[in-house]
Amino acid sequence: MNEENLLYSSSHEWVRVTEDEGGKVATIGISAFAVQQLTDLVFMELPEVGREVAAGDEFGEVESVKAVSPMYSPVDGEIIAVNSALPDRLETLGEDPYDQGWIIKVRLTDEASLAKLMDYPTYQKQCSEEG
Amino acid sequence: MPPLAKTPLHDWHVDQGARMVDFAGWSMPVQYRSIVDEHLATRRAAGVFDVSHMARLRFDGSDSAALLDRVLTRRVSDLTPGRIRYSLVTNDQGGILDDVLVYHFQTPSGRQYHLMVVNASNRQKIVRWLEQPLAMAGDVQMQDRTEQTAMISVQGPAAVPIVAGLVPAKVGDLGYYHGVVTEQFGRPCTVSRTGYTGEDGFELIVRAEDAVDVWKNLFRAGRDAGITAAGLGTRDTLRLEAGMPLYGHELSEQIDPYQAGLGFAVNLKDRSFPGRDALVRLKDQPRSLVRVGLELTGRRVAREHDQVLRDGQPVGQVTSGTFSPTLQKPVAMAYVPLSASDPDTPLVVDVRGRPLAARVVPLPFYKRPTG
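Quick mapping for you: the protein sequence lines, in order, are chains A and B.
Read left to right, the first sequence gives residues 1 to 131 (our numbering).
Read left to right, the second sequence gives residues 1001 to 1371 (our numbering).
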């Protein structure tokens, strides 16, 4: 997966939007930059399938040796899948954050929130300012 | 906010890509890459830590030991040259103002002095606390040597051969809590068998202008042994596994030495120091709270200020917690009532609204293999 074609939130989630049976589905993960900043991941909590989320809602948390960080949904919709293998293989987030490291899939109920997300160059700029 | 103080090794840390944080007013490396990697490298081989932020107070003059005896919970006037002692400074109520190491050194030319190493966060407080006793003391001159010197900690099973190869003194023969004034390639240097990781190792004090050279010499000498630069993040996980208290977390002015499990560092017999009378009373009272170790189930980590519950009632608070890289499980230290402090007592920690099962375990969590 090419990270340059993804959308990004200011809280470091990435979003890939695909068409699925007439609707749109957002696959969501956390960026390589975020994984590198967190380091030493030890725990991840995933939400339940079927939960409704609004853009900005906390959907889970990821914990490192040093601190715990909430993960926020960048979109509005219903969670239709979670990567349940991930919490037992957190190293995947570092090795393949944009493909095997996906975290949740959300069927969009509203596409307005997508307009608030950043493209890759804009997100890169934010990372270079934070890093 | 004044600008952060920088140790003589600051630029080296930045060049290595370390993540720098504000620690007690100092810009310090919290990690270079991974806390877990640095932690495990220290347990397996050797980790090198810049601990120059710790305050170094030097006492010269024939009344130095007498002055220190009047402010410390343990006597130091009986320390022969080359010996080091852990002690506390307490206020009149017996609350802990700081935990310190006191060194009695003798230079090769025969000059004797005492050194007190103080937590960075307590430096100003302790310097102020000493003002009055110093004003009343006889022949004592105190100098704050923090800025003129650097302090480097080398810890782990490979620390002894690495340091021993760099200094003429036979530091491999030094006992625990012993130190020596020596030199490294002509640069003055103290070496003490002390540390804060649960490993064997040394702490070196050098002149600020020599710090980078000494640091690089250590890496050259330790490269084949797997020496690693380690940050404050790793220092914290190591000391936590070793069950060692940290000021501002397990220790504070509201905690007395007996609650903290530091009764060994208090000597009341024929002594006079601030807090001594309060400690005489506290010593024989049942402890209201005691410091314990907790092991949690699962992988979620209990953090400082999380509440400890028993039968649904809050009874205590977590003071430090992490995911132990060595044990591969979450561990924490907490203060709980005496009645809940026995090993295996089942407790619950409220971790951000989620009740997690915990049990009391004896400290330390980790003890290095000896042999």
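Derived by calculation from the structure, the hints in this document are not laboratory data.
The model shown is predicted, which means the values in this text are computed figures rather than measured ones.
Just so it is clear, CB atoms sit at the ideal spot from N, CA and C, and this is done for glycine as well.
Careful: at least some of the hints might be erroneous.
As the list claims (entries may be wrong) - To give an idea of the interface, some chain B residues facing chain A are shown, with a C-beta separation under 8 Å as derived from the structure:
| no. | residue |
| --- | --- |
| 1 | Gln-1031 |
| 2 | Tyr-1032 |
| 3 | Gly-1233 |
| 4 | Arg-1299 |
| 5 | Arg-1300 |
| 6 | Val-1301 |
| 7 | His-1305 |
| 8 | Leu-1309 |
| 9 | Gln-1313 |
| 10 | Thr-1322 |
| 11 | Leu-1327 |
Next item on the list: Run the structure past the numbered hints and jot down the numbers of the failing ones, going up.
Entry: 2, 7, 8, 9, 11
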